[in-house]
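Protein chains: 4
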Amino acid sequence: MSKKFDFIAIGRAAIDLNAVEYNRPMEETHTFSKYVGGSPANIAIGAAKLGMKVGFIGKLSEDQHGHYIKSYLEDSNVDTGGVVFDKDGHKSGLAFTEIRSPEECSILMYRDEVADLFLTPEEVSEEYLKNTEALVVSGTALAQSPSREAILKAVALAKDNDIKIIFELDYRPYTWKNPEEVAVYYSLVARESSVVIGTRDEFDMMENLKDGNDHASADYLFNYEPELVIIKHGVKGSYAFEKNGKTHRGYAYKSDVLKTFGAGDSYAAAFITALSHGKPVDEALKYGSASAAIVVSKHSSSDAMPNLEEIEALIEKQSESYGK
Amino acid sequence: MSKKFDFIAIGRAAIDLNAVEYNRPMEETHTFSKYVGGSPANIAIGAAKLGMKVGFIGKLSEDQHGHYIKSYLEDSNVDTGGVVFDKDGHKSGLAFTEIRSPEECSILMYRDEVADLFLTPEEVSEEYLKNTEALVVSGTALAQSPSREAILKAVALAKDNDIKIIFELDYRPYTWKNPEEVAVYYSLVARESSVVIGTRDEFDMMENLKDGNDHASADYLFNYEPELVIIKHGVKGSYAFEKNGKTHRGYAYKSDVLKTFGAGDSYAAAFITALSHGKPVDEALKYGSASAAIVVSKHSSSDAMPNLEEIEALIEKQSESYGK
Amino acid sequence: MSKKFDFIAIGRAAIDLNAVEYNRPMEETHTFSKYVGGSPANIAIGAAKLGMKVGFIGKLSEDQHGHYIKSYLEDSNVDTGGVVFDKDGHKSGLAFTEIRSPEECSILMYRDEVADLFLTPEEVSEEYLKNTEALVVSGTALAQSPSREAILKAVALAKDNDIKIIFELDYRPYTWKNPEEVAVYYSLVARESSVVIGTRDEFDMMENLKDGNDHASADYLFNYEPELVIIKHGVKGSYAFEKNGKTHRGYAYKSDVLKTFGAGDSYAAAFITALSHGKPVDEALKYGSASAAIVVSKHSSSDAMPNLEEIEALIEKQSESYGK
Amino acid sequence: MSKKFDFIAIGRAAIDLNAVEYNRPMEETHTFSKYVGGSPANIAIGAAKLGMKVGFIGKLSEDQHGHYIKSYLEDSNVDTGGVVFDKDGHKSGLAFTEIRSPEECSILMYRDEVADLFLTPEEVSEEYLKNTEALVVSGTALAQSPSREAILKAVALAKDNDIKIIFELDYRPYTWKNPEEVAVYYSLVARESSVVIGTRDEFDMMENLKDGNDHASADYLFNYEPELVIIKHGVKGSYAFEKNGKTHRGYAYKSDVLKTFGAGDSYAAAFITALSHGKPVDEALKYGSASAAIVVSKHSSSDAMPNLEEIEALIEKQSESYGK
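Residue numbers (the numbering used here), protein chains in the order written: chain V, 6 to 329; chain C, 6 to 329; chain D, 6 to 329; chain Y, 6 to 329.
Certain hints may be false.
For identical chains, the list gives no copy identity; a pair is met inside one copy or between any two copies.
Claimed, not checked - For lysine-lysine, the following DSS-like pairs were computed, each having C-alpha atoms within a straight-line distance of at most 27 Å:
#1 LYS215 - LYS135
#2 LYS303 - LYS169
#3 LYS329 - LYS182
#4 LYS215 - LYS284
#5 LYS241 - LYS303
#6 LYS58 - LYS284
#7 LYS164 - LYS215
#8 LYS251 - LYS284
#9 LYS75 - LYS9
#10 LYS182 - LYS284
#11 LYS8 - LYS259
Just so you know, the hints here were simulated from the structure itself, not pulled from any lab data.
My request is simple: use the sequences and hints to build the entire structure.
Okay, here's the thing in structure tokens:
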């Protein structure tokens with residue numbers, strides 16, 4: 006009998022404030038639209054839109070922004086049974102975006118003392134986790150205590166209960182104290198995960214080196230738990246390494262790009278969904294790329310998540326040009 | 006020969022994000038408009054609009070928000086010779102407002118580790134201060150180090166150079182560690198000031214008691230430097246105490262209220278301007294009240310600051326009903 | 006070919022200031038004698054005295070106390086190739102002891118911002134670690150960053166290099182922020198260790214419960230790496246559980262007790278040494294107990310560590326009364 | 006009618022651990038003797054020994070060291086009505102001394118998170134202060150919050166109650182965050198004090214400059230409250246400036262120096278006592294110098310404080326060589 010959730014995502018849910026006026030610097034932007042943001046929240050919302058049964062563990066600000074996030078998750082069919090509110094006045098993280106041009110999108114982050122980083126180990130419930138096949142961990146949640154320990158506890162509980170761990174590296178430099186800490190905690194969780202997904206830069210942070218080698222990265226992890234390692238190289242596409250030795254390359258689909266943010270989260274949502282539906286790895290890579298191509302052409306990250314039909318239509322439409 | 010500035014304001018300049026949609030909770034507000042905010046910035050902008058020669062000392066975030074604030078101050082004829090940018094990544098303070106109804110306006114503040122509180126003593130220049138007749142100190146800037154020490158240094162330099170100090174208590178509970186600190190630093194600066202302006206609640210914070218007595222508050226301060234003490238009682242109006250024993254009462258003007266925030270800053274801007282123009286205290290109280298009545302009927306705090314003609318027109322128009 | 010070190014201990018080395026005058030409260034003690042202290046330093050010194058080849062990784066204060074500790078380690082034949090000095094002014098931890106009576110010995114600790122807790126991951130050298138058969142980890146070093154990450158890195162390097170981990174729980178309440186953190190990091194390292202040693206109270210801290218069961222504690226760990234689990238019950242003796250199902254009980258030897266501190270470290274030093282010499286587990290338990298019995302009869306923890314002859318003489322002498 | 010206390014000292018009381026073995030570096034010192042230390046505690050003890058009626062305000066560790074300090078103060082006839090114990094586990098400050106030679110005495114300080122710096126404003130009682138003629142403020146107590154605010158409150162209460170403030174600059178670099186803070190708070194308290202005592206280096210810290218001029222320092226302060234300014238130049242002696250324009254020079258007495266620490270505190274104790282007894286300033290300088298000459302020839306700072314007869318005997322004995 007299958008479990009209640011295909012996966013539970015753990016980590017931050019935050020607020021995006023996207024420039025309403027395009028093609029100008031933020032100094033000249035006077036109006037901002039509010040959306041839910043944050044990598045694991047976006048992945049959860051995106052996968053729910055694709056029909057997955059998804060739960061969420063995270064801490065929200067006890068204020069108007071936090072209440073909005075919770076409502077939005079629920080309206081998106083993401084179960085909020087693992088969501089708690091911060092009682093100490095910590096605020097939701099914010100991301101102000103400016104959209105100067107498709108190539109130039111800068112983000113102004115408010116991440117000091119944000120509520121999501123105050124999730125405590127005791128707020129991670131083994132009962133809730135027992136309902137899931139997989140746990141999607143976002144690396145940013147490892148950046149500070151007590152969220153760091155909450156994640157480590159969730160990982161330990163996942164091991165104790167034979168729950169598969171999917172680790173999205175999701176490295177953001179702010180909030181981390183130094184690169185050594187990144188390397189220690191990223192490699193600790195990666196060694197315990199079944200699937201590890203990240204950009205080449207993120208793998209370099211995990212290995213505390215520059216210009217690392219994809220094969221070496223995957224081979225190191227295959228000494229431990231991982232069975233599937235995805236390393237992304239932006240517009241050049243991505244590589245998937247399987248423990249059995251198989252390697253796959255994924256390519257980017259063409260898109261009418263409005264802005265670049267949101268691409269990684271939509272990629273992860275669709276890739277994980279396709280894998281969960283039993284698609285082979287090379288097919289799942291297409292789902293990830295197609296989903297990313299759709300989101301970068303739209304204004305938000307969460308609201309813009311495509312449904313299965315849109316993704317499959319894009320894959321079908323660009324089947325001839327894919328990889329060329 | 007008169008000095009370059011009528012006054013220099015010192016303290017925070019921040020960002021207000023005001024709900025574009027009215028009469029609803031913030032959870033249901035999807036768009037926000039950006040303005041400059043922060044009490045001493047508002048006072049400086051308001052007074053400049055009334056024709057005063059005004060300078061500003063403060064620290065801004067080195068990002069899109071900080072650059073916007075600096076431009077706005079300059080466009081408002083506030084001299085930014087005392088403005089510095091934060092080199093350590095601290096952000097601008099934010100205030101999200103919701104406007105449920107004229108009586109219900111809540112504000113969601115982002116004030117953790119904000120740039121304005123990182124102004125250092127060495128960033129306060131004696132040369133710049135020597136250009137001014139008066140220094141307007143905002144109490145919030147005393148809440149944390151190093152801004153606290155920057156203010157104490159500015160106060161000491163003002164004493165050394167016979168510059169009159171006007172102290173706007175401007176108490177905001179967030180950012181202060183405990184009431185004892187408020188009392189220590191507020192009374193320290195108040196004892197050195199010529200003019201002290203605040204609400205009854207703010208005087209109570211300064212005196213670390215409840216339900217204090219206006220006369221006792223003024224008499225205590227008259228043992229030290231203060232010559233004029235203004236204690237505000239909201240819609241009931243305000244009282245002005247002079248060291249020579251005279252007492253004046255000010256009344257509120259009628260207004261078509263949209264929201265209540267911004268009232269105190271516009272009051273201070275107009276009151277200080279009137280005093281500086283040589284108006285008697287009871288007349289200056291009218292300018293303060295009229296300015297406040299205008300700002301509460303409009304959408305922002307800074308942009309909505311009235312000019313002299315508007316204030317004087319209101320005083321003229323409501324001259325019969327004033328105080329009744 | 007055997008490696009250079011039988012084991013490397015990692016963690017704190019500190020200063021003990023032991024009351025020179027006995028049988029009185031510390032308020033009335035006027036003179037203190039200085040010794041090296043700190044659990045992993047004591048274990049290293051104790052084992053070196055028993056003929057083991059021992060290295061040490063830790064951070065010392067760059068002052069008279071730190072220099073003294075380094076010299077003492079070297080004079081005790083502990084290799085200090087992994088020792089670094091703190092460049093930021095952090096001090097050595099201190100433990101003032103009073104000896105009111107054999108039953109009443111209180112310790113006054115100075116552990117705020119101490120140098121040993123500032124060991125960084127980059128100060129843990131893989132080259133140095135490659136020289137050892139085993140790594141002895143002291144739980145206290147997990148209490149704070151960056152020492153915590155230094156330990157986690159050492160543990161990861163040990164796994165990568167097939168180095169056996171011996172985990173001495175060594176729980177001290179000061180310096181830990183809350184019990185949840187203890188549980189997270191203790192269980193994380195315990196699951197990766199071959200040998201886990203602690204008191205019942207310490208296992209309870211690791212499991213975040215009260216009055217835990219020895220068999221359950223051992224069985225849980227046997228799902229992961231551990232092969233040998235030692236749980237100590239003070240004067241009632243200790244239990245050793247082997248992954249193969251065997252269980253052993255150790256007993257306390259009689260002693261002319263002067264003070265109780267130092268017992269655990271001398272126990273660990275002798276137990277690890279005996280195991281390393283190929284003694285069976287039940288025999289190694291006797292070495293631990295005998296060593297502890299000797300140290301509690303003497304004035305210091307480090308200086309008082311016995312040699313093999315003393316331990317074996319005690320075992321021989323009390324062979325008839327042992328366990329009765 | 007005279008008040009209960011000639012003066013109340015406010016600030017730290019700590020533990021000195023003086024090397025029992027002389028003429029060697031601390032690394033080779035194995036035994037330490039315990040004494041009460043800390044500048045304001047030493048001044049209080051020293052003055053009480055000279056017959057002054059003295060009170061003390063400060064915070065002690067709730068442990069064996071704190072209890073010892075309180076008993077010692079009481080045994081020295083210092084009233085401890087203003088002493089409170091820290092309830093949050095903060096420890097007493099420590100000073101380990103080594104005595105390599107009369108010229109080389111280094112001190113190893115433990116001053117992180119020490120109890121004395123946690124004195125709060127609400128622990129400073131106006132009722133207790135009303136009992137005193139004068140308040141002796143030690144500059145080190147201004148280094149950190151909340152002790153800083155406790156001192157500022159005590160200074161404000163002293164002004165409100167016409168209590169004379171004597172400010173001993175007592176600058177110690179550790180515990181201060183940066184020189185700008187020193188300058189801000191030192192000059193703030195100095196401007197409110199009647200008597201300011203410090204070394205030339207300490208006045209330079211207060212003025213945030215190098216190689217300042219004694220006359221300029223005194224003249225600046227005479228714009229505010231101070232009536233007497235003492236600037237010490239080590240073995241070259243000291244200068245006393247009076248607001249009425251008189252200047253006095255003090256000289257050092259010959260002494261059989263064992264170590265240099267403790268000199269400043271004993272100087273202050275005797276100088277303040279002599280002034281309080283109505284001695285003229287030039288005579289009081291002799292008392293200060295004589296007291297310092299005696300303490301530097303002995304092993305401790307507090308225990309070694311001389312009585313009046315010893316001081317006057319030395320002044321008498323060296324009357325011919327004084328100043329030559």
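| What hints, given by number in increasing order, does this structure fail? | 2, 3, 4, 10, 11
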